[in-house]
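Take these sequences, add in the hints, and give me the full structure.
In this text, residue positions in the sequence shown follow the numbering used here: the first is 15, and each later residue adds one.
No wet-lab data here; the hints were simulated from the structure.
Here a beta-carbon is modelled for each residue, glycine too, at the ideal position from N, C-alpha and C.
Keep in mind that a hint or two might mislead.
[What the hints assert, rightly or not] List of simulated lysine to aspartate or glutamate pairs, DMTMM-like, C-alpha gap at most 25 angstroms:
#1 K94 to D137
#2 K94 to D140
#3 K94 to D134
[Stated by the list, open to error] Simulated restraints, written as ranges between beta carbons of each label pair:
#4 W195 to A168: 19 to 25 angstroms
#5 F18 to L43: 24 to 30 angstroms
#6 L122 to P47: 42 to 48 angstroms
#7 A160 to W22: 40 to 46 angstroms
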Amino acid sequence: MTLFRALWQLGLFLVLALVLRRWSIVVILAGLPALAWPRAIPAAAVLSDIALGNIHVLLGAVAVFGLRWPALWSVALLSKVTPGIGLVWFVARREWRNLAIALGATALVAALSFAYRPADWTDWIDFLIANRDHQFPLWTIPVPLAVRLVMSAALLWWGGRTDRAWVVPIAVGWAIPVPYWTMLAVMVFALPLAGGGRPADTRILTPGTHETDPGP
Numbered sequence: 015m016t017l018f019r020a021l022w023q024l025g026l027f028l029v030l031a032l033v034l035r036r037w038s039i040v041v042i043l044a045g046l047p048a049l050a051w052p053r054a055i056p057a058a059a060v061l062s063d064i065a066l067g068n069i070h071v072l073l074g075a076v077a078v079f080g081l082r083w084p085a086l087w088s089v090a091l092l093s094k095v096t097p098g099i100g101l102v103w104f105v106a107r108r109e110w111r112n113l114a115i116a117l118g119a120t121a122l123v124a125a126l127s128f129a130y131r132p133a134d135w136t137d138w139i140d141f142l143i144a145n146r147d148h149q150f151p152l153w154t155i156p157v158p159l160a161v162r163l164v165m166s167a168a169l170l171w172w173g174g175r176t177d178r179a180w181v182v183p184i185a186v187g188w189a190i191p192v193p194y195w196t197m198l199a200v201m202v203f204a205l206p207l208a209g210g211g212r213p214a215d216t217r218i219l220t221p222g223t224h225e226t227d228p229g230p
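Quick look at the structure:
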């Protein structure tokens with residue numbers, strides 16, 4: 015188990031480096047002060063998330079590469095669920111093919127996993143229902159999930175219509191079910207997309223798609 019945990023954490027660091035590139039060094043160095051100064055915990059969101067073995071770094075990668083490979087959104091939809099709000103980007107840009115790929119891949123994975131272990135799906139749904147009214151600690155961000163989902167959808171719509179891909183990781187991070195500071199581990203993936211950088215431009219890199227006018 016210790017070996018698996020170490021390999022998993024190493025994999026998360028590799029994903030961080032692959033997507034953020036030079037920014038990954040900045041993010042890691044920014045988190046080091048939290049080792050000696052607890053008040054700097056928000057700056058250590060990424061390091062804390064990796065240390066806990068959580069998947070927010072993967073969700074950040076999905077928010078970037080999912081624009082190029084829409085099937086990756088199945089990771090968000092079948093894990094934390096609500097970060098799947100990122101699909102509003104495709105709706106805003108009328109990229110219906112990409113939306114269909116994302117939803118189709120999710121449905122396929124869900125169907126295969128249900129056929130293999132249907133009891134796990136029942137347990138998962140029961141877990142979601144049992145925790146729908148869970149009271150989170152006071153140190154979480156006090157904004158209800160429903161409100162955050164509306165805010166994320168609005169941000170994605172604006173970003174999609176104005177060709178600002180950097181909004182996707184921010185909106186996805188803001189939509190995670192439990193509003194811990196580790197949501198910043200998703201949001202930092204906006205860094206390589208800021209300033210007009212679009213390594214995951216669906217209009218350019220996805221076969222079969224056509225450039226659309228995002229409008230004003």
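Results for each hint:
1. K94 to D137: holds, 15 angstroms
2. K94 to D140: Holds, because 15 angstroms separates the two Cα atoms, which is no more than 25 angstroms.
3. K94 to D134: holds, 16 angstroms
4. W195 to A168: 19 to 25 angstroms: Given range 19 to 25 angstroms: holds, Cβ gap about 23 angstroms.
5. F18 to L43: 24 to 30 angstroms: Between F18 and L43, where Cβ atoms are some 28 angstroms apart, the hint holds.
6. L122 to P47: 42 to 48 angstroms: holds, 44 angstroms
7. A160 to W22: 40 to 46 angstroms: About 32 angstroms separates the Cβ atoms of A160 and W22, which means 40 to 46 angstroms is violated.
The structure fails to meet hint 7 from the earlier list, while all remaining hints are met.
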